[in-house]
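Enquirer: Letter by letter, the chains look like this.
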Amino acid sequence: MLEKEKQFLTGHEIVIKACLDAEADVMYGYPITPTCEILSGWSNIGKQYLQTEDEIAAGFAVCGAVLAGKKAFTASAGPGHILLQDAFSMAEAMRLPFVMVIGQRGGPSSGTVIYSQQEVTLACYGGNGEGYRLVYSPSNAKELYELTRQAFNDAWHYRFPAVLLTDGYLLKTKSVFNLAEITKMVNIPAHALVPEDKVVHWPNIYTLEEELNEEINETKKDFSAISEEISKAESYKTDGIEYLVIAHGIVGAVAKMAVDELREKNIKVGLFRPITLRPFSKKQLDDLFVKNNIKNVVVVESSFGQLARIVRDELAPEIDATFTYIQKPGLGIEVEEIVEFMKKLKI
Amino acid sequence: MAENLAKFCAGCGYPITLMMLNKTLEKLDLQKRAVLGLDIGCALLAWNFLPINTFQTHHGRVAPTMMGFKRARNNSICFALVGDGGAYAIGLQSLIHAAKRDEPITVIVANNTVYGMTGGQTAPTTLCGQVTPTSPKGNIEEPFHGPEMLKGVIKDGAFLARTAVNEPKQLQEFLQKAIETQQAGHFSLVEVLSFCPTNWKTNGVDTINKLNGLKDIFELGIL
Ligand SMILES: Cc1ncc(C[n+]2csc(CCOP(=O)(O)OP(=O)(O)O)c2C)c(N)n1
Ligand code: SF4
Ligand SMILES: [Mg+2]
Chain A
1 MLEKEKQFLT GHEIVIKACL DAEADVMYGY PITPTCEILS GWSNIGKQYL
51 QTEDEIAAGF AVCGAVLAGK KAFTASAGPG HILLQDAFSM AEAMRLPFVM
101 VIGQRGGPSS GTVIYSQQEV TLACYGGNGE GYRLVYSPSN AKELYELTRQ
151 AFNDAWHYRF PAVLLTDGYL LKTKSVFNLA EITKMVNIPA HALVPEDKVV
201 HWPNIYTLEE ELNEEINETK KDFSAISEEI SKAESYKTDG IEYLVIAHGI
251 VGAVAKMAVD ELREKNIKVG LFRPITLRPF SKKQLDDLFV KNNIKNVVVV
301 ESSFGQLARI VRDELAPEID ATFTYIQKPG LGIEVEEIVE FMKKLKI
Chain B
1001 MAENLAKFCA GCGYPITLMM LNKTLEKLDL QKRAVLGLDI GCALLAWNFL
1051 PINTFQTHHG RVAPTMMGFK RARNNSICFA LVGDGGAYAI GLQSLIHAAK
1101 RDEPITVIVA NNTVYGMTGG QTAPTTLCGQ VTPTSPKGNI EEPFHGPEML
1151 KGVIKDGAFL ARTAVNEPKQ LQEFLQKAIE TQQAGHFSLV EVLSFCPTNW
1201 KTNGVDTINK LNGLKDIFEL GIL
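Chains as they are written, first to last, in my numbering: chain A, 1 to 347; chain B, 1001 to 1223.
Hints are computed from structural coordinates only; laboratory data are not their basis.
Idealized CB from N, CA, C, for every residue including glycine.
There may be inaccurate statements among the hints.
[As the list claims (entries may be wrong)] Subject to a maximum C-alpha distance of 16 Å in a straight line, what follows is the list of computed EDC-like cross-link-like pairs (lysine to aspartate or glutamate):
(1) B:K1032 x A:E196
(2) B:K1032 x A:D197
(3) B:K1100 x A:E53
(4) B:K1100 x A:D54
(5) A:K47 x A:D25
[Unchecked claim] Among the chain A residues that face chain B by a calculated CB cut under 10 Å, a handful are:
(6) K47
(7) Q48
(8) E53
(9) D54
(10) A57
(11) G64
(12) D86
(13) V113
(14) V186
(15) I188
(16) A192
(17) V199
(18) V200
(19) P203
(20) N204
(21) F289
Model the full structure from these sequences, guided by the hints.
Expert: Set out below in structure tokens:
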């Protein structure tokens, strides 16, 4: 697909390229805006795929494929994301390396079709479990590629299901994609979870409460053990700050520009941008409060507090910070809005 | 032959179907390649019953899971064991499309005319007039005939049949035909009329009589 190092690609094309480079074998999907082009794009490159009767079938077919040892994925959004949580919860229980690309759109219900940041809670904690899944939130085209690759690698290495949580703005935007700038990555190979040379008997429902409890404790232990290693966040211009902006995804990219502007005006503000929402870079965030005398935290997001809830929950309880919010469910957020908000906060 | 002690109720039909499946696989020397996916329903009790690869899935979702498995591993022989509720209610959409696409998997439906696992509630296969916890005055609807309905969507070469747990010869014959159909690359479904004395609240003789009575409503044979 890519011969030259630099190409002008949509987010969809970048995701497809990343899945190919991750050596994904098969995609199951059902069309929904803003991820239709991932399904149609993948259907046109000669790889195995199927447009299923719904997202439920797509999700369970992904489960079946990974059980047999193939790298499989799906892509969806909004109402389709809700249906996928059925299979995704099986993947969480059985520790299946299920990868899904979610292009967030407005909600609840059918909402709007291109952009929002309202699928954070669903991606992180959807299902009837404890949220032991990996959730990546890219802020630009480069991260879209790298984190898609990372999602496959981490899912197969650590055996947790993974969500590449993006949105229609990033997926539909064409931008210069420079392969030379991409961090080189070695693929973690797939392996058959139901082997061909020995017999497994694999339950997913338990008779005894203690058995289930033990299983969840094991999962929690494994998740905690990898959390520090695979959680990722960007701390930007955070030396000597009095104000901390927290934002993720493309709002994180916007907030970065706002921080640059505010710094020029000598406002001591920095950015904390979680790149993984699950696991969350808790220590990196806590450390910012230890090293700085932060007066105010401003969480900026296109939702009424789905990111803010995670941040407040993860922040060490002894850290006493004042929180303020810019929350615009379903709407994009501009640099100027953040700049003006911060200027007022300072007065 | 059975790997572990059954946890099915005494007199349940499931173990008969499972033993027959195992016997057929042994006969065809296919145990090593067999993969048994279980729906949630009393089928789930079979998770460690046979000496073949087995895993549990979700209620109504075993067919698409086994489709994904089969497409990923062509040489496997994939079975989806599912109750009448899992097959014809919550999982019907996926079942119809698996049949329509001619997915080379074998679906085995245990038809006991009720939701066995959850206490005998009304299923799509419940007879008209049959009393269940959710049809206390008797079911007002006619039962659903799964294989007959699928007949309208399958492709040439697919195999649809119905038998009963007290028809061992036919059960084995149909299971073998279903496997051969899968090996030839086509969809197969065998519905097995199955005992559920626990929810039918029947003793030995009545259980058999009830099952035999079902054969008048659900015709046995190849469709
Ligand atoms: C999504 C979902 N809904 C409901 C249930 C509860 N449930 C478990 S088994 C079952 C019915 C099983 O009936 P059937 O499929 O006929 O299988 P049987 O137990 O009779 O063999 C139901 C409703 C569930 N596990 N999952
Ligand atoms: S409830 Fe019915 S179907 Fe379930 S194990 Fe008991 S007898 Fe068998
Ligand atoms: Mg039943």
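Enquirer: With reference to the structure, classify each hint as holding or not holding.
Expert: Consistency of the hints with the structure:
1. B:K1032 x A:E196: 7 Å, holds
2. B:K1032 x A:D197: 8 Å, holds
3. B:K1100 x A:E53: Holds - the C-alpha atoms of E53 (chain A) and K1100 (chain B) are around 11 Å apart, at most 16 Å.
4. B:K1100 x A:D54: Measuring from Cα to Cα gives roughly 14 Å; hence the hint holds.
5. A:K47 x A:D25: 7 Å, holds
6. K47: With a closest approach of 12 Å, the K47 (chain A) hint is violated.
7. Q48: 7 Å, holds
8. E53: 4 Å, holds
9. D54: Given a least distance of 7 Å, the restraint on D54 (chain A) holds.
10. A57: Holds, about 4 Å.
11. G64: With a closest approach of 3 Å, the G64 (chain A) hint holds.
12. D86: 7 Å, holds
13. V113: 24 Å, violated
14. V186: Hint violated; V186 (chain A) Cβ to chain B Cβ min 23 Å, cut 10 Å.
15. I188: 18 Å, violated
16. A192: Given a least distance of 8 Å, the restraint on A192 (chain A) holds.
17. V199: For V199 (chain A), the interface hint holds, since the closest Cβ of chain B sits about 6 Å away, which is under 10 Å.
18. V200: For V200 (chain A), the interface hint holds, since the closest Cβ of chain B sits about 6 Å away, which is under 10 Å.
19. P203: Holds, about 5 Å.
20. N204: 4 Å, holds
21. F289: 43 Å, violated
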